[in-house]
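Heads up: the sequence lines are chains A and B, in that order.
All residue numbers for the first sequence refer to this note's numbering, where the first residue is 1480 and numbers rise by one.
All residue numbers for the second sequence refer to this note's numbering, where the first residue is 43 and numbers rise by one.
Hint data in this document are derived by calculation from the structure and do not stem from the laboratory.
None of these values were measured; they are calculated from a predicted model.
Ideal Cβ placement from N, Cα and C applies to all residues, glycine included.
Just to be clear, a hint being listed does not mean it is correct.
Derived contacts from chain B toward chain A, CB cut-off under 8 Å, selection only [stated by the list, open to error]: (1) Leu-259; (2) Val-262; (3) Val-300; (4) Pro-303; (5) Ile-314.
Chain B stretches covered by chain A per the calculated footprint, using a threshold of three residues with CB under 8 Å from any CB of chain A [as the list claims (entries may be wrong)]: (6) 249 to 258; (7) 338 to 346.
Here are the simulated SDA-like pairs of lysine to any residue, each with C-alpha atoms no more than 20 Å apart in a straight line [what the hints assert, rightly or not]: (8) A:Lys-1546 <-> A:Tyr-1557; (9) A:Lys-1615 <-> B:Ile-274; (10) A:Lys-1659 <-> A:Val-1641; (11) B:Lys-89 <-> A:His-1715; (12) A:Lys-1546 <-> A:Arg-1556; (13) A:Lys-1659 <-> A:Gly-1647; (14) A:Lys-1704 <-> A:His-1715; (15) B:Lys-246 <-> B:Leu-224; (16) A:Lys-1615 <-> A:Tyr-1557; (17) A:Lys-1615 <-> B:Lys-141; (18) B:Lys-141 <-> B:Arg-350; (19) B:Lys-246 <-> B:Leu-257; (20) A:Lys-1659 <-> A:Gln-1566; (21) A:Lys-1615 <-> B:Asp-351; (22) A:Lys-1659 <-> A:Tyr-1557; (23) A:Lys-1615 <-> A:Val-1626; (24) B:Lys-141 <-> A:Lys-1704; (25) B:Lys-246 <-> B:Ile-274; (26) A:Lys-1615 <-> B:Leu-257; (27) A:Lys-1615 <-> A:Ile-1599; (28) B:Lys-89 <-> A:Leu-1549.
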Amino acid sequence: MSGQPTDHLENHMLWYIGRRILQAIPVFLGTTLLIYAMVFALPGDPALAMFGDKTPTESQLAAIHEKYHLDQPFLIRYFIYLGDVLQGNLGDTFRGQPVNDILARTFPTTLRLALLAVLIELILGVLVGLIAGLRKNGVFDYASMLVSLVLISMPVFVIAFVAQWFLGLQFGWFSPTVGKGAPWEDLILPAIVLAALNFAYVVRLTRASVIETSQQDFVRVAYGKGLPARRVIPVHILRNSLIPVTTNLAADFGILIVGATVTEGIFNVPGVGNELFHAINRHDAPEIVSIVTVLVLIYVGVNLLIDLLYGVLDPRIRYVKS
Amino acid sequence: MSRAEPVRQAPRYVAEIDDAGLGAVDAVRVSDRKSNLWLDAWRDLRKQWMFWAAATIIALAIVVAIFPGLFTQTPPNNDCFLQNSNAGPAPGHPLGFTKQGCDIYSRVIHGTSTSLSVGVIVTLLTAFMGIVLGAFAGYFGGWLDSVLMRIGDIFFAIPYILAAVVIMSMFLNDRNILIISLAIGFFSWPSTARILRSEVLRVKQSDYVMASEALGLSRVRTMFAHVLPNAIAPVIIVSTVGMAAAIAAEATLSFLGVGLPNNVYMSWGNDISQAQVDLRTNPMALVYPSIALSVTVLAFIMLGEVVRDALDPRARAVR
C-alpha cells in the first residue's frame, strides 16, 4: 500500500473485495457440505428416504445406490457431487427430469416476481419510514408502527390468503391466480404479498435511522445555513439513512426466498418456488435438495454482492483490519 | 469496527482529581435503594399497556396449551363426521366444521400446545447453543473465536426454513415435535451466538472482569459468574422474538407439507393448508387457525418489543 493518496484508497477497496471473496469460499464449501450431509449422513438409508412413502424394489434401490455412489465413503461422494455442481450439473428429479431444465424454465419468472417485490417494498417502505421518522410520535408514526407490527406477526401464507381473498376475490382489483406465461399484471398481487414480508423491516430501519440522522450535527448545520427542508431531507437525511436499509437487504433476501416458495405455491406462479412447493408435496427428495442448494448458493452470492456494495457505500467498512 | 482514535496525552505523574472519580463516589448514597438492570426493566415494563396485552395473551395461550380440556370437550380428531363437512356453526360447535367434518374450535384449541411446544423447544435450543458458542467465542477469542464464527457463518448462510425443509423431507414416517424443533433450531443459533459474542466482547473490557481475574477466579468461572450475566440481556430480546419466529416456522413447514403428520398432531399450519382448497366456500376453516396463529405470534413479537425497549436504553432513544 504505497503511492498517492488515491491509490491508497483504491488499494483498500481491492483488499476489501479480495478478502470478502476469500471469505465466501469456505461458506460456499460449508453450505454445500452441510446440505449434502443433511441428506446423506442422517440415520437411515437415504435411498429409502428418496422414495418417500413408496416402497422401492430391490433393483430400484440398487440403481439409486449406484447413481448416488452410495457405496463410496461420504467425503468421496461429496466431492463427486461438488464436482457436478461446479460443472453446473444439478442432477435429476426423482422422475428423471434434469433439474437444470426446470430451473432454466422457472427462474426468469421468479426473478421478475422478486424484482417487483423488492421495488414495492423499497419504495413504499422507505417512503413510509421517512415520513414516520420525520414526524416521530405523530399519528402517522403510530399507525405505521401498528401496521408493521401486524404484518410482522402474520406468516406469509396468512398474508397471501388475506390478499387473495380481499384484493383478488372480494374487490377484484387483481387476478387472484397467475395465468399462463405469468404476465406482469398477474404478478402484482403475489409481489405485494412478498413485499409485505419485508415492508415492516424496511419501515422500521428507515424510521430509526432517519431519527438518528436527523439529530446529527450536519443536519443542524444544513438547516442552520438556511437550506430548505426539500433539500435537507433527500440529500442530507435520506441518503445517510439508507445505508442500514442496504445492509439489511441481505436478510430481506433470505425471507424473500422462503416467502417466494409459499407465495408462488399459493398463487400458482410458475417459478422456482412453485417448483419447490410441488416437489415437497410429491416427496421428491432429489429435486428438493437440488433446488435448495441452488437457492442457498444464490443467497450466498447475493450476500457477497450486498457486502461489496456496502463497502462502496460506507468507507468505514473497508478500513477494518487492513 | 473500532473507530476509537488514539488520544494524545502529555505524560503526567499525579492523577488529576477527576480521573479518580472521587466526586462520583461521594455522590452515591449508601442508603439508596439498590438498582439493577432487571429491576429497572421491570419497573419500565409494568407501565406499558403493550406488555400487559402481550402477557395476557401468552398466559392464556399457555393455559390453553396445558389444559385444553378446560375449553372444549369435543375431541379434535376422532369425532369427525363427513356429513358435517364444511358446515357452519352448530350448538356446541361455535366455529363450524372443517372439510373432514371436524370441529374447528376444538382443533384450534388443541393446536395451541403443538405451536407452543415447538416454540419453547426451538427457543431453548437456540438460546443454549447460541449462548455457549457465542460466550466461548467472545470470551476466549483467538482461534476458537475464528473457528466458531466461521462455522456460524456457514449455518447462517442457509435460510433456516429451507434447511428444515430438507431435514424434514428426509424424515417422512417418524416426524414428531422434537424432530421439527431440532430441524428449525439447528440452523437458527448463529444470530444469537453473534449477538452474545459482541456483547461479551464489550463486557470483557469492564473493570470488574479484570478484578475477578486478578482475584484468582478461573477464566471459565469468571465467564459464567461475571461476564455472562451482564451480557445476557440482548439474548433475552432475540429469544422472545425468536419464539415468535419458531412458531411461524412450524406453521410454515406444516403448511408446506413437511411439518407434523396431520392425523397425529393438531397444527394450525396443517389446518390452514387443508382449508385452502375450500377458500371460496368455507373461508372460516382457514380464518380461525390463521387468527390463532397470528395473535400468538403477535403476542411474542409485542413482548419482544417492550422487553427490548426496557432492557436496551439505546432502543428507547429512537422511540
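Here is how each hint holds up against the structure:
1. Leu-259: For Leu-259 (chain B), the interface hint is violated, since the closest Cβ of chain A sits about 31 Å away, which is over 8 Å.
2. Val-262: violated, 28 Å
3. Val-300: Holds. Min distance 6 Å.
4. Pro-303: Status violated, d = 11 Å.
5. Ile-314: Ile-314 (chain B) check passes; min Cβ-Cβ to chain A is 6 Å, inside 8 Å.
6. 249 to 258: violated (count 0)
7. 338 to 346: holds (count 4)
8. A:Lys-1546 <-> A:Tyr-1557: holds, 13 Å
9. A:Lys-1615 <-> B:Ile-274: violated, 30 Å
10. A:Lys-1659 <-> A:Val-1641: Measuring from Cα to Cα gives roughly 23 Å; hence the hint is violated.
11. B:Lys-89 <-> A:His-1715: Outside the cut-off at roughly 37 Å; violated.
12. A:Lys-1546 <-> A:Arg-1556: holds, 11 Å
13. A:Lys-1659 <-> A:Gly-1647: Roughly 17 Å separates the two Cα atoms, so the pair holds.
14. A:Lys-1704 <-> A:His-1715: holds, 13 Å
15. B:Lys-246 <-> B:Leu-224: violated, 32 Å
16. A:Lys-1615 <-> A:Tyr-1557: Violated, because 54 Å separates the two Cα atoms, which is more than 20 Å.
17. A:Lys-1615 <-> B:Lys-141: violated, 48 Å
18. B:Lys-141 <-> B:Arg-350: violated, 42 Å
19. B:Lys-246 <-> B:Leu-257: holds, 16 Å
20. A:Lys-1659 <-> A:Gln-1566: violated, 32 Å
21. A:Lys-1615 <-> B:Asp-351: holds, 16 Å
22. A:Lys-1659 <-> A:Tyr-1557: violated, 39 Å
23. A:Lys-1615 <-> A:Val-1626: holds, 16 Å
24. B:Lys-141 <-> A:Lys-1704: violated, 69 Å
25. B:Lys-246 <-> B:Ile-274: OK: Lys-246 (chain B) and Ile-274 (chain B) at ~13 Å, within 20 Å.
26. A:Lys-1615 <-> B:Leu-257: At roughly 49 Å apart (the allowed maximum being 20 Å), Leu-257 (chain B) and Lys-1615 (chain A) break the hint.
27. A:Lys-1615 <-> A:Ile-1599: Outside the cut-off at roughly 23 Å; violated.
28. B:Lys-89 <-> A:Leu-1549: With Cα atoms ~62 Å apart, Lys-89 (chain B) and Leu-1549 (chain A) exceed 20 Å; violated.
The structure is inconsistent with the numbered hints 1, 2, 4, 6, 9, 10, 11, 15, 16, 17, 18, 20, 22, 24, 26, 27, 28, although it conforms to all the rest.
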